[in-house]
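For the sequence shown, the positions run 1469 to 2105 when my numbering is used.
Simulated from the structure, these hints should not be mistaken for laboratory data. All C-beta atoms in this analysis are idealised placements derived from N, C-alpha and C, irrespective of residue type, glycine included. Take these hints with a grain of salt, some might be off.
[To be verified] Across the chosen pairs, the derived CB separations fall in these ranges: (1) Lys1927 to Leu1765: 49 to 59 angstroms; (2) Leu1765 to Glu1800: 24 to 34 angstroms; (3) Gly1547 to Asn1473: 13 to 23 angstroms; (4) Asp1679 to Ile1534: 17 to 27 angstroms; (5) Leu1765 to Leu1543: 27 to 37 angstroms; (6) Ile1685 to Leu1514: 48 to 58 angstroms; (7) Gly1837 to Lys1673: 50 to 60 angstroms.
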Amino acid sequence: MQKINKINQYLLEKYPTVWNTKIVWMLLASLLVHILFFIIGYLSHLDPVSLQTRTVRDDYFKNGLIFIHLIISILMIVGWLIMMFKNNAFKNFYPLSRGKLFSQFVQYFVIIFASTTFYFSYMSGFKIFVNHKYPDSEMKENIDIVNRSYPFLSQNLELYTLENRLSPQPFYDLYCETEIKKVDRNKKYFVYYNRVYQYYTMYSKKSYKKDENHEYILPDYERNKGIEAVKSDRNENFETFYFKKDVVDLSSYIKNTAPSYYNFSDVFYENKFSDQNYEDSYYTGYNDYNNVSEGDLKSRQAEINRKTSELLNKNNHVEIEKLLSQFLNISEKFKIRNNLKAKEWTNMVYSPQNFEVRYFIKTYKPEKGEKYNPNSSSYYSDRENNEVAEAAAIAVDSAAASYVDENGTIVDDSISIKEFNPEINKQISPEKYFYNNVSEFYYYQDNLKDLLNNVDYVKSEDFFSQNIHIYLWISFFLSTLIFSFRITGLKSLLFSIISAGVLVLAVVLITVLYSFSHIGKEEYFVSQLGLLISIVILLIPLLMMNKFNKLVTSIFVNISLNGFVLFVLLIFIIISMYQRDACQGTVYDPVKGVGYEDCQSIIDSLGLFLSYILLVIGFIFTYFYTTILQKWKARSE
């Protein structure tokens, strides 16, 4: 205690402003709390199970830490204000220059910012832990093993049907038609129960024309002939449409149409650290539809398909078991719930003849007496889940056995299915095959995917830039509020708050009355009215300080000090409104059909950078406005 008194005495003699604001002790206390939150963040996810959720970024708010954060921040700020208000230099008429006044304001800002930003310390600790526990090189290797093992985690029959196959090369380049009414019966096709597959080459055409909805339209020839596009690639100035051309016989590649591991091409998780250049392989292609690269994903899917086929072609039981053992070791490390054993799992997979999918693994462990439902969802009860699953199975069969004619009528087409597959009545449906071959093994693959996603997210996400604006503005407005109280007093501040509320209410009522006039453009009216009122409020302390009594002018002073940044923001909003309206009237290309969607206002151009600009303007204004504050304080009561 004696040491603290000595430090306080030294600050009082050498740096009275620093002593008055208590910034040294507040920053020291904040540092200790920041260290505490850093440690909490580092230790919060030691258990990998805690990362097996889709909302790990919200754990700070869900687990109650935000309330501890708020309580500590409030206690620190209230305690600081109590200590600081014991010595109000301005109230006691100590000589303070403009620089010292502004220095006090800046110190208020720093103290509040340090006392409210514990979230960043928590996330820093969390991020450092994740980078240490899950290093990039190790995760890259783990994800590669997971992606290569995923084909054998047979939990969804639809991933193993023929249309998924992308390797070897012909499957990647061709289009697989699966709609029964669009299949050419006179040419080679393949059948699996009520499903038909036919492979086509494609030709492409570019379109630069748009309709009234700004969507690219089909080329004239195909549109007039009623030829449908099977896929499209959208770029900035045009869209490439692909159409079916000739049927290709792939009998030399397709030995069996039943669900097979050879058909699997799904990617379990996309590794952002991957340095493999898939464009260098023979699987190339790019699809930029709605600004999303789908060709790159297809290349990776084809790569998974190729690697799986290569492993199966080796016909090596030991090598498959080795891969699955590595996968289970990773699962054990990440604490993914499962009851798989490498040896039994390999025996389920190994079928040298065609590597058909003979057994299926559950996605979760059913409760005792509960019937397994692959469509289980938290949105349904157990009974509803079973009904949904059965309805889905019936719907699949019904959809395959019917079609919609050109008049929009649903027509029963069961006869045409029998023409494709005369033995269909003797065969088992895919849905029944799945349920008949579900094993007692289970694996929570969603938990693994959530963990990988969360690790990747925490490593790559910039938590600071995303959230810093909130804390900056909380600190700024609280600082201006405290600064106003320190200078004008509680009475003036309360009158200012009430007056500001009355003004806002008056503007709202006037705007409502204006809207009844049906003149239109209410947004322009309210913004210009707000601008006019703001200018009047700002000018009164500058030009008419002595024409009103001190209490009245204090209201204008406080509103100006606390609301100037909002005044500048209003100016930016008005400029943006006029820019957008002007742009909408001039930017239109009738050939490309491009309207004002490409217009950018000043707010759009600046983005979040506008927040920093406004903050700097707020500090500059506060610095120069301290002269007005001194003049107001110098007036007689």
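Results for each hint:
| no. | hint | result |
| --- | --- | --- |
| 1 | Lys1927 to Leu1765: 49 to 59 angstroms | violated, 21 angstroms |
| 2 | Leu1765 to Glu1800: 24 to 34 angstroms | holds, 30 angstroms |
| 3 | Gly1547 to Asn1473: 13 to 23 angstroms | holds, 18 angstroms |
| 4 | Asp1679 to Ile1534: 17 to 27 angstroms | violated, 48 angstroms |
| 5 | Leu1765 to Leu1543: 27 to 37 angstroms | violated, 51 angstroms |
| 6 | Ile1685 to Leu1514: 48 to 58 angstroms | holds, 57 angstroms |
| 7 | Gly1837 to Lys1673: 50 to 60 angstroms | holds, 58 angstroms |
The structure shown violates the earlier hints numbered 1, 4 and 5.
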